[in-house]
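K.L.:
Residue-level listing of the chains:
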Amino acid sequence: MAREATYRFDVFTTVGSFVVRVYLLRMVWTALYAHNAAPKDLSRHEIITYSTVALLMGIVMDIDQTRALNDKLRDGSIATDFMKPINVPLYFFADGTGEVLFHAALLVPSVLIALLIFHIIVPGPAVLAAFLLSFFLGYLVGFFLNFILNCTSFWTLEISAVQLIVTWLTDLLGGELIPLILFPAVLQQFIYVLPFAAMFSTPLLIYVGQIPPARYGEVMGLQLLWIVVLGAVSAVMWRAGARRVVVQGG
Amino acid sequence: MAIIEAADLRKVFRRIVRQPGIAGAIGALFSREYEDKVAVDDVSFSLAEGELVGYLGPNGAGKSTTIKMLTGILVPTSGLLRVAGIVPSAHRQANAQNIGVVFGQRSQLYWDLPLRESFELLRSIYDVPRDRYLQNMRHFAEILDLERFLDTPVRQLSLGERMRGDFAAAMLHDPKIVYLDEPTIGLDVVAKEAIRVFIGQINRERGTTVILTTHDLADVERLTPRIILIDEGRVIYDGALERLRTEYGTHRILVVTTVDLPPEDFAVPGAVVEGRENNVVRLGFDRRSLTAEALIRRVLERYAISDVSIIEPDIDTIVRRIYLEGYQKDAVGAPS
Amino acid sequence: MQTRRMANVYRQYWRINILTTLEYRENFLIWFLFTFIYHGTAIASLWIVLERFPSMNGWNFRDMFFLYALWMVAHALHNTFFSTVGEIPDHIRDGEFDRLLVRPLDTLFQAIATPGQVFPDELVLALITFVAATLYSGVHVDAVFIIFVPLIVIGGALIDLGLNLIISTAAFWFVKVDALRWIFIQLEQEFTRYPLSIYSRSVRLLLTFVFPFAFMNYFPASYFLHKHEAALGVPPAAGLLTPVIGIVFVALAYVFWRFGLNRYQGVGH
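Residue numbers (my numbering), protein chains in the order written: chain R, 1 to 250; chain Z, 1001 to 1336; chain L, 2001 to 2269.
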């Protein structure tokens, strides 16, 4: 009953907020395109599509699948998990999957709204397939980033503010709010040194055709590289943290 | 002169009856069906200044609804209520100055700060004069042994220490009346005793009127000569605790230790075997129809015994019995 | 008599707030960083967009920075002095609200003066930002500006308070009001960042007459920056009306609050 109420609340806020934010971004881009010279190869319709798809991705991407790790470290129940005959990191991955699937289900009405009310562009099947693959890679980058953040709670417990800060930085520097190609040149130089672009920007630019098929291999290779790097950092942090729990008893 | 006067106090909660589902929710917009629940049903009582009264009843009997009306939190549906000459719901803030409230499960102390800071804030809220405040603090520090942890953050206090702090907090402004809602809940034996001593002392030395609601009948036995029993919104008993005991505590148990192992068909006329273990047999009997002396004699006529003792009913048993059976004046021939 | 008592309580309230904040120094630092980055990314987003598109309905980055800073001061003022109003639904849910009713002071005042980890960090940050935005935007600082800006900021904080109080009052009827609060916070924080003229007519009407957020920053900023957009045909000087709007909005919210409180005392919860 309480769970059902929470879900209803989630549906209401997630879909409601999606509609409100798409409306807002539409108005903002419309005003900007009306009074300025448009960038040569990104039309108003394309950028509105970009923002809408970015918000759709956000419905799934903004979930912290490994939050249970932080919770369990806080209340000390992590120690009992180490006694169970399970692969603990895998367990956390599976634990968050339910929530991810729930939000993935919310994508259905949201996509319908996006298609019917906001008339977004739908690319051809090849591009769409590339987008979905790149989206999945971006999702993994986000997963490891969250996992690393949650692993820091092995050493310090007050991480909720830090997580929110990282979320905003992701929104901005990952290109969820503003396409990275529109950023001033000064900023562009170091944006690509950070992993955030691999989460949102790459799949989105594939979707709107800013990244041509010839460059798919290159950009997805970069995404894969981030997955490997962040995955390795996650593994190291997990081992160190787990040893800390086992040796010091939590 | 009565300090609290309640006459035909009544509180009815009206709730919208809603059919389940979305259709029901939409239906409720057009036609509304109400369901009345009588939480307090024509309750009348009066308390003299300086009395200490236990207000008892099972969960949902209407205890806390009554207390909420007395404190001015809830407005009565009908009936008259005067607390220290004030109608609480009409002059809630004036009434608040006269009363102190302790909710056993909820602290009014500030979690993160030393106990002393909470007292300072309450001093401002109740506008207690400085010298009076210091005098009270000295007094409470002495009888509640507060000095030791006055500068400790409340979150680090034990439940018993926190409770003592809450008591002092409720008494700082010299209220004429204090309402204590489950004041000893969750406390260990020592802490319970300290709280009981304090309640008795406040009542005696300051003449504070005390209304105590509790589930722990030991509190009542120890403290309140008068109890008001409430069930399903109605007062079912109002009077001395002792009288309840004589009227309802009619069931006693004679514990007999036999010399030899008692036979399977062990029986004594007028008594019921309520339990047996090795050589010990428990015989239940009614004090009104049989004296203990007569019963012992009957046992001796039949069996060889080495020891006897009598268990008197405790107040818990008596009150449980009243909740279950209802208080029937006629059944026990009580004076009206 | 009551006023003197309230003044005493309010002084104590701030004393306790400061003591609590000092007790949790690390938390305070982290949350200060949080506030800093929140507003920082918001302003950075505006800068990035307006670097590429220099004008939004005739507003450049300097104008938009001033628009944001004006909202930020009012909002921070509200957060510093009235954010506790947002905790009323929690008090109602866990029964703490009854405690406020058995004390000899106004209930809403007590709710406002419930101590916690409140510290004027956001306000300090907002004031610095506002001074910077004023200098940067080249607003003509004259007597009208100096007299009216404090009043407008207070009026804006009152508009925020009104909204906060209305949502909290809803908790007398509904157990959870978080979704409601969440939607309105978003409506306010994101829609006040841009000139009202970019929205469709219904949204403009909503933000002017129903939930008057446009009076927190858009109308006053239009006046000071001499933007004569006449959105909704409102004359530019309407921007100076914010204090009045704030008082009226809070008064309406207070009437609703009294209504809800009476209901609570009548039917319980």
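These aren't lab readings, by the way, just hints derived from the structure by calculation.
Just so you know, not all the hints are guaranteed correct.
[As the list claims (entries may be wrong)] Just some of the chain Z residues that point at chain L, by a computed CB distance under 10 Å:
#: 1; residue: A1094
#: 2; residue: P1114
#: 3; residue: R1196
The beta-carbon is built from N, C-alpha and C at its ideal position, and this holds for glycine as well.
K.L.:
For every hint, state whether the structure bears it out.
P.N.:
Against the structure, the hints:
| no. | hint | in the structure |
| --- | --- | --- |
| 1 | A1094 | 7 Å, holds |
| 2 | P1114 | 9 Å, holds |
| 3 | R1196 | 23 Å, violated |
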